[in-house]
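4 protein chains.
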Amino acid sequence: MALMTGKEYIESLRKMNMRVYMFGKKVENPVDDPILRPSVNSVRMTYDLATGTNPEYVNLMTAVSNLTGERVNRFTHIHQSTEDLVNKVKMQRLLGQVTAACFQRCVGMDAFNAVYSTTYEIDQKCGTNYHENFRKFVALCQEKDYTVDGAMTDPKGDRSLAPHKQDDPDMFLRVVERRPDGIVVRGAKAHQTGMCNSHHVLVMPTQAMGPDDKDYAVSFSCPCDAEGLFMIIGRQSCDTRKLEGTEIDVGNSQFGGVECLVVFDDVFIPNENIYMNGEYEFATMMVERFAGYHRQSYGGCKVGVGDVLIGASAVAADYNGVAKASHIKDKLIEMIHLNETMYSCGIACSAEGKKTASGNYLIDLLLANVCKQNVTRFPYEMARIAEDLAGGSVGTCLSEADLRGEFTGPWVEKYMKNGVGVSAENRMRILRLIENLSLGSGAVGYRTESLHGAGSPQAQRVMIARQGDIEGKKLLAKRIAHIKED
Amino acid sequence: MALMTGKEYIESLRKMNMRVYMFGKKVENPVDDPILRPSVNSVRMTYDLATGTNPEYVNLMTAVSNLTGERVNRFTHIHQSTEDLVNKVKMQRLLGQVTAACFQRCVGMDAFNAVYSTTYEIDQKCGTNYHENFRKFVALCQEKDYTVDGAMTDPKGDRSLAPHKQDDPDMFLRVVERRPDGIVVRGAKAHQTGMCNSHHVLVMPTQAMGPDDKDYAVSFSCPCDAEGLFMIIGRQSCDTRKLEGTEIDVGNSQFGGVECLVVFDDVFIPNENIYMNGEYEFATMMVERFAGYHRQSYGGCKVGVGDVLIGASAVAADYNGVAKASHIKDKLIEMIHLNETMYSCGIACSAEGKKTASGNYLIDLLLANVCKQNVTRFPYEMARIAEDLAGGSVGTCLSEADLRGEFTGPWVEKYMKNGVGVSAENRMRILRLIENLSLGSGAVGYRTESLHGAGSPQAQRVMIARQGDIEGKKLLAKRIAHIKED
Amino acid sequence: MALMTGKEYIESLRKMNMRVYMFGKKVENPVDDPILRPSVNSVRMTYDLATGTNPEYVNLMTAVSNLTGERVNRFTHIHQSTEDLVNKVKMQRLLGQVTAACFQRCVGMDAFNAVYSTTYEIDQKCGTNYHENFRKFVALCQEKDYTVDGAMTDPKGDRSLAPHKQDDPDMFLRVVERRPDGIVVRGAKAHQTGMCNSHHVLVMPTQAMGPDDKDYAVSFSCPCDAEGLFMIIGRQSCDTRKLEGTEIDVGNSQFGGVECLVVFDDVFIPNENIYMNGEYEFATMMVERFAGYHRQSYGGCKVGVGDVLIGASAVAADYNGVAKASHIKDKLIEMIHLNETMYSCGIACSAEGKKTASGNYLIDLLLANVCKQNVTRFPYEMARIAEDLAGGSVGTCLSEADLRGEFTGPWVEKYMKNGVGVSAENRMRILRLIENLSLGSGAVGYRTESLHGAGSPQAQRVMIARQGDIEGKKLLAKRIAHIKED
Amino acid sequence: MALMTGKEYIESLRKMNMRVYMFGKKVENPVDDPILRPSVNSVRMTYDLATGTNPEYVNLMTAVSNLTGERVNRFTHIHQSTEDLVNKVKMQRLLGQVTAACFQRCVGMDAFNAVYSTTYEIDQKCGTNYHENFRKFVALCQEKDYTVDGAMTDPKGDRSLAPHKQDDPDMFLRVVERRPDGIVVRGAKAHQTGMCNSHHVLVMPTQAMGPDDKDYAVSFSCPCDAEGLFMIIGRQSCDTRKLEGTEIDVGNSQFGGVECLVVFDDVFIPNENIYMNGEYEFATMMVERFAGYHRQSYGGCKVGVGDVLIGASAVAADYNGVAKASHIKDKLIEMIHLNETMYSCGIACSAEGKKTASGNYLIDLLLANVCKQNVTRFPYEMARIAEDLAGGSVGTCLSEADLRGEFTGPWVEKYMKNGVGVSAENRMRILRLIENLSLGSGAVGYRTESLHGAGSPQAQRVMIARQGDIEGKKLLAKRIAHIKED
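Chains as they are written, first to last, in my numbering: chain A, 7 to 492; chain B, 7 to 492; chain C, 7 to 492; chain D, 7 to 492.
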C-alpha cells in the first residue's frame, strides 16, 4: 500500500536528519518546534484526508498512478486527464478550507508534472535519459508517499545580468564539479515553503538561459537531509506568538506554513537523480510549465483559505449583531464573488488543459496566468473587507493573558462580550483568526505569497502578452472595420 | 437535412408577415431596412458558419440532437454533456469575434434548455404534459433550423408589488382567456433582442410568483407573425447613421443588434404550444435556470466582442506610432486579462455543470452568476482603456463626408493621416470601430446589455448570496478558531 | 461696462465671418445650425450667469481685472490669489450643473493665465516684449468680453519624431514666413472645443522643443475669422439626432459642445499678437502651465456635469420605484463620493496655488495632475453606475416618434409608464438624459474628453513622477529604517 | 512659555501615576516599557518639532492661542481660520513622515475643537455654562502643553439597541451618581490610541441619543491617572518583537502607536470639568463635528506615513536593481497618485471650512467624510503595491539573529545581498520597514486604523448620503431634461 497516514508521516520526518537554522541557531527537533509544528500539521492533513474515513475526500485526495497502477496520493500523481487537473484544484480548495494555511505539498506536485513532460522532450531532442530517471524518482515518491519540495527561485543577485555574468557566481545554483557518478552543486533557493517538512527536494532552474549559462541549467532531486544541504527559516509576522503557549492569540493555533532559504553547500547528486544538466534551451520550458501549474494551484488553495476568511467575517458580523445590515451582506457577497472568480480561473485553465508529448496533461497557460494575476489582487481586497466586517477590535483586541488575568479577566469579559449572547472569548477567537489572515502569520501565506508565489504580478503579465494572440485580435478588428492595408 | 444556409435563412424571414414599428411607423420590409439589416446579418452568421467550408467552425456550430438523432445547429440543441456546455461558450466567443455584435440567437437556446428541464419537473409533480409538448416544439425548431427569441422581461409596473397587485393588470404578461383548444394572452415583453429576426418566440415568466399570480405563471411559444403580436423597435445610440449610406462612420457597417418591445395584444396560443399554465411554484425554477444559462452566455459572446475591441485598440496604437510604449503594452495586457477572466468564468460554470432530472445539462449556478457579475464590470473598464489607447481622435474624428468632400477631403487626408505610413481613411475606420463599441450602437450591446442583459447586477448578487453557502463557511472558520458555542 | 449679455454674445457671433465645414460642406450660418447651436448655448451661459439677476452667481462669475480695474467676466480674468483659483473651480462646477455639457470657455481662460506668466519669464530672460503684447490682448478681451479658444494640440504625425524631423513639416503648426510686420503660420490644431463659438484663438506650442524646432515654438492670437483660417467639425455620437427636431431623444436638447480641426492655411499674424517666436526653451513651461490649469479645470466642470448625472440617476431610481432599496442608495453614495473626490482635488490644487514671477497665481502642479488623473477614471465608473441605476430601458428606450405615433403612442404610454404615477414621457426624458451622458453626444464631453482633454492619462503620470519627489521620500524611509549607505 | 520640549514631556509622564495593564499584568513603568515606548516617542515628536531649531517646522507646529494670546502647540489650538485647518493637515503629514506611525495627539486636538463649538451652542440653547468650563480647560492644556486623549467609542453591546436598552447598562459610559460638586461616571472607551501617553482624557458620547439616554449624554475631562481609571493595552501584530532587543526585525525601531481599552470604574468628575450632562439632543452635533475633524486628520497623518511607504518601496526597488523597469516606475506613480488624492481631500475640506457660532472653524463635513472614505481604501492598495515592489523577500526575510549568527551570518550576507552593491543588512532593513507597515505593528496604524479610525467606512457613507444634497441634484437633472411633474 502506497499511502502513509498522518501519524506515519510525522514518524518518517523524525527519522530524518535535517539541518534547520532559526534565529541564528540550529533547531534540534524541527518536528516538535512550536514555530515549525503548525507547518508540519498542514502537510499532515494531506496524508490524513487521503487515508481517512470520508470516502468523498479519499477519492479527491488520491488517484491511480500511471507508473505503478497503484492508488497514490494525488500530490504525487502525474495528471492523466483534464479531470485530474480539475480534481487537483478541488483538492487544494478542500485543504485550504481545513487548514486556513499553506499546506506546502503543491509545489512538489507541480514540479513533478513540469519535469515529467520537459524531460521527455529533452530526451527526444538530445538523446538523454532524464525522463526514465525521473519516472523512477516519481515512482519511488509514490511508493513511499513522500512529500517533495519543488525548488526554483534563486537569489538572483543583479537582476539585469545573466547567471554567468554575476559577480558572485553562486547567485544562481550551479554545477561546480562533474564526476563520473554525478555532479556537485552549489547555490541556494529562496522562499521555499515546506522544505523542512519534506523528504526530498526537486530543483529546477529559475529562468531562461543562454549557451554560457550551461552550468546553471540543472535539474535534480536529493533528500532534504543530504550532506551539504541546510536551511535557514525566514521569520513571519507574529511568528513568536506561537512560543507563548496560548491558543487564542495565534488565531490559527493548529496550522500554518513557513518559508526558508535552502543552501546547497556543495551537494553531491548521483547521475540517476539528474533531470537536466546543461540543456539550457529547455530551461524556459521547464520554468513556464512549472509556473503554469503553480499559477493554477493558487486558484484552488487560496480560494479554500478565502472560504475560511469569508466564514470568519460572517461570524464576526454575527457576533457584532450587525449581520442583517444590507451593507454587511453586500460585503460578504463581494468576498464570495471575488473568491469564486479566482476559483473559476483555476477550474477553467484545468478544463482547457491539453496533453503533452509525454502523455501527462498541461493546464492552459494563458488562463493559468490570468488565474494567478487575479490572485495577486483579490485576496488583498478580501482581507480589507474582512477587516471592515470584523470592526475596529480586530486591531485593538486584548490578549488571552488579559482574558485569563486575575484582575483584568472580569473586565475583558465585561467589555469584550457583546449584547447578543456571545462570550468575550469567542469574539476574541474570531477576531484573532481574521488578524491571523490579514496581518499575522497567516497573512504571509494569504497575502504576500498570493502576490509573489509562482511569480510576481509582472511575470504573469509578460506571459499574458505572449499568450494573448494580439496579432490575431488585430485581424479580427481589421476585418470588421473593412481595413485594407497595402 | 436540418441545417439552413444564411441565404435560406434570409429567404425564410421574407416569407413572414411580422408587424414591426419604428419611429412611430410600420416598417414595410424589416429584412432590408438599413437600421434592422445589420441585426439580421449577425443572426445570419449563425447559419453561415454552421454550413460553411471551415470544418472547425462546423463542428463547433452543430451538434447531434438527442431528439432527432440528426446534426442540428447548436443554437437549437439540448445540451447533453458538460462538453456541450463548454462548446456553447466557445461558439459564442467565435460569433462575437466575427460580428463584434450581439448575434441574438443565444436567448432562444438558453430558453430551450431552461424550459426543457423545468417542464420535465412540472410534469413529474403535476402530471401535466408540458415536456412532451416542448420536445415536439424543439424538434420542429431543429428540423426547420428556426431562430427562436426567448422572452422573459415584463414591463413590471410598480416593482414593489406582485403581478396580481398592479393597478394595470397587464404590467406582467398573463392569460386573459382560457378556451378548450388553448389560451389567449395579453401583455408585453421588453428589451427583446433579435425578435424581429426570429421565427418563433418562447415566452417565460419573469420572476417568482405566488398562488394569486397563477394567470401570470405562463410559458408558451408562437410564431413571430402571430395575430395580435407586434413589435416596436427601441432606438440606439447612433442608430440613424446607418441611414446615411456611408461605411466608415458606422464603425461596424455589416453587423449589429436591435432591441424591441413586443406586445401581445390578445394572442391565441394552442394547447400544444403551452409549457406552463398556472404552476406558479415552478416560475422561480424556470427563471433561475434561464438566467443561469444566459449568464453563462455572456462569458462567451462578450469575450468575443472584447477580442475585437482589444484588436482595434492595438491597431489604433500601431496607427498612432506608439505601440512600443510600455504603458500601451500594459494596457493591452490588462484588457486581455479582464477578457480572459470573464471567459474563465464562462468555461468554469460549464465544466462544472450537472445533469438535470430531464437529462440535459445545467451550468453551475453560482459560477454562472459570478461570470455575469464580472461582465457587468469589465467591458466598461475595457471600453475605457480602448478609448485611452485610441487617443483623443476617437471623440473628435471627422466624418466620412469630410474625407470625401471636394474641399475638405485633402485637408482630412493631410491632418488625419499619421507619419508612420497609415492613411487617414484607415485611421478613421479603426477609430470609428472603437467609437461604435464604446459610445455608438455597438456600445448598447457591449456595455449596456452587459450590465442589464440576463439580469441587472443586483440580481446576480442575490443569487450569489443564496448559492454561496455562507453557513458552511462559518463552520470552517469556527473549526479553525476552535470556537465552541452553546 | 465690460460685460456682454448672452444675447449680445449671440449677436457678436453673427457679425463674424467664420469658415466652418461639416459633413464635407460649408455651414452657412453656424450660429443657428441645429448641430452647433447647443454648443453656442453652453458658452452663452457664461454670459447670462455673469449678467443675470442672481447676485451669488454674478459674484462667482466675475472678478476685478488687475489690468483695467474693471469688473470682468472671470473667464477673461488673470488669477490674483488662491481665492481666485478656488472660485474658478466653483464657477466651473456651477456651469457644469446648469449645462450638463462642456461650456468651452475654460480653455481660453487657462491659456490666458499660462501665457501671461510665461511671456513675463521669456521677456525677463530674452529681453523680448511679449508680456506687454499679451497684457494688451487680455485687456482687449476683457473690455470686449471675448470668448477665446486656447489651441494647443497639433496633429503630431509620427509621435516618435521631433517637429522638425517629420516627413510632412506641417504636422506641427509653424512659422513659414517672417515679415517686418509679423509672421505667416501654417499647420493645424486638433480637438478644438468651442472654436466656432469663439471670437479669437490663442495658439500655443504642444510639447517640449529643441533648438531645431524654433519655427514650431510659436504662440500668438488671431480672430477666428482671420483669412486663411477654417474649421472642420468632428462628428460626435448621436450628432444627427439634433436634426430630427425632437426634444426627448437628444437627452439634453439645449446644451452641448462640439470639437473641430482648425486649419491655419498660411495665416498672417501681426507682431503685436505674437507671444513666443522661436524661444523653444520656454515651450515646456507654457505647455506645463496650460496643462496644469486645464487639469485643475476638470476638477470643476466635470464635477458639475457629474452632479446632473447623479441627479438623473436618482430620478430614474425614483421613477423605477426602487429608490429605497439599499443597493440603490449605496450606488448613489458611491457616485457622490467619486464626484466629490474629484472636486476635492480641484479645490486642493487651487488652495495650494503659488504666485508666479509675473504676479498671477499658478495651481499646485502635482495636485492638478492628480486631479486630472482621477478625472480619467471616475466619470467612467459614474457612467457605469448611472446606467445600472437607470435600468435596462436606458439601452432600449423607444423613440419620441413612437410616443407621438398614432398607433404606437398609446402602447408606449401603457408599457413605458410605471406603476408609481410617472408618465412614460418623463421616464423617457430621464433615460435619454442618462443615455446622452453615458453613450450619446454628451458622453463625448463627459467621458472621452475627461480621458484625453488637457492630456491623456499617461501625460499626467509623467508629471506625477516628475513632481512627486521620490528622492525625498526615499530619504524619509531610510531615516526610519536607520539605513546608512557608504 | 507654554511649550514643553520632548524631554520635558517625558519627565511629565514619569510624574503621573497611571494604571496600565498589559498581558494581564500591571505595567510598573509605562514610560520605559519596550512595547509602549515607541508610542511615547511618536508623541514626543509633537513636542520636539515644536521646540526645535527648524523654523519652518516650528511655524507649522505652533499657533497663537485665541484664549491666551500665547504661542501654543498647534495640537492644543482652537482653529481660527481655514489657514489653521490647512496647517493642521500639513503638520500631520509632516509628523507622519518623521514617525511612520500614529502620533496620537490629533484625537485630543479634534476633540478640543468639536467640544469647543458644541458647548457654545449648548449654552446658547440651554443656559448652561459648559463653554466657559471648556475654555478654561483648553487654556490650561495650552499653558501646560498637555497631551489630551479624546475618547469617544463605547463597547456598545447590542448595536441594535439604544444605550438605555442594553442588558448591561455599562455598555455605554454613563453617569451613575450626581453630587453637588460633580458626577461619578462608569463605563469604558475602546480603541484609545495614545491614552497611556496623555495627561488628560476628554470624553464625548459616541452616537445620537434620545430622551431616555440622558445619563449617557455626558462629556467631561479628567487626568489619566484619576482614581478609578485604568487601561488595558491591546496587542498588535508583532508587538513582542519589540521585546527582543533587536533593531532590524521591528522595522521601525523608534516609533509606533498603541491602543487600549480605558475603564472608568466610578470616576469622580468635578463640575468645572463637565461639558455636557444630559443634553442628549446635542450628542449628534458633538459626534459629527469630532468625527468630521478626525476624518480630516486622516488626510494628513496617513499621507505622511504613505510618503515613507512610497520611499521604502522605491528604495527596495533600487536595492533589487529593478528601479528602471517601466512597470516599477508606474507602480510608484500609482502610489503617489493615491497618496496625493487623499491629501487633496484633506486640504479641500480644510480650505472649504466655515466659522462656527463659537468662532472656531469647522471643516466642510461632506468633503471630510469623502476624505476618510478614500483613506479606508487607498492605504490598502498602497500596501499591496509596496509588497509587490519589495519582492517576495518581504515575506520570507531572515532574522537579525540569523544575520548576527556565527554560522548563519556569512550565509545571510551572501544570499540576501544583491549584485548592485547593497548589503544584506540594508536590504533587510528596508524589507522590515515595509513589513512593519503592511503586516507588522505599523500596519495596525496604517491599515486597520485607516479603515476604522474616526468611524468605519459605512459611517462615512451615511454622512455622504446626508450631506450630498441628492434632492438638489435631482432638480438639476429635471431642469436639463425639461421634466415637468404635476
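Incorrect hints may have been included.
Which copy is meant is left open, because identical chains are indistinguishable; a pair holds if it fits in one copy or across any two.
Taking lysine-lysine pairs in the DSS-like style, the calculated list, with each CA pair at most 27 angstroms apart, reads [what the hints assert, rightly or not]:
#, residue 1, residue 2
1, Lys162, Lys248
2, Lys490, Lys150
3, Lys248, Lys330
4, Lys171, Lys335
5, Lys162, Lys220
6, Lys171, Lys96
7, Lys484, Lys220
8, Lys162, Lys335
9, Lys490, Lys420
Calculated from the structure, these hints are not laboratory results. As the structure is a prediction and not an experimental result, all values here were calculated from the model.
Structure-based check of all given hints:
{"no.": "1", "hint": "Lys162 with Lys248", "verdict": "neither (32 angstroms within a copy, 32 angstroms between copies)"}
{"no.": "2", "hint": "Lys490 with Lys150", "verdict": "neither (63 angstroms within a copy, 38 angstroms between copies)"}
{"no.": "3", "hint": "Lys248 with Lys330", "verdict": "neither (35 angstroms within a copy, 40 angstroms between copies)"}
{"no.": "4", "hint": "Lys171 with Lys335", "verdict": "between (56 angstroms within a copy, 26 angstroms between copies)"}
{"no.": "5", "hint": "Lys162 with Lys220", "verdict": "within (16 angstroms within a copy, 48 angstroms between copies)"}
{"no.": "6", "hint": "Lys171 with Lys96", "verdict": "neither (43 angstroms within a copy, 47 angstroms between copies)"}
{"no.": "7", "hint": "Lys484 with Lys220", "verdict": "neither (44 angstroms within a copy, 39 angstroms between copies)"}
{"no.": "8", "hint": "Lys162 with Lys335", "verdict": "between (46 angstroms within a copy, 21 angstroms between copies)"}
{"no.": "9", "hint": "Lys490 with Lys420", "verdict": "between (78 angstroms within a copy, 19 angstroms between copies)"}
Consistency note: the structure conflicts with the earlier hints numbered 1, 2, 3, 6 and 7.
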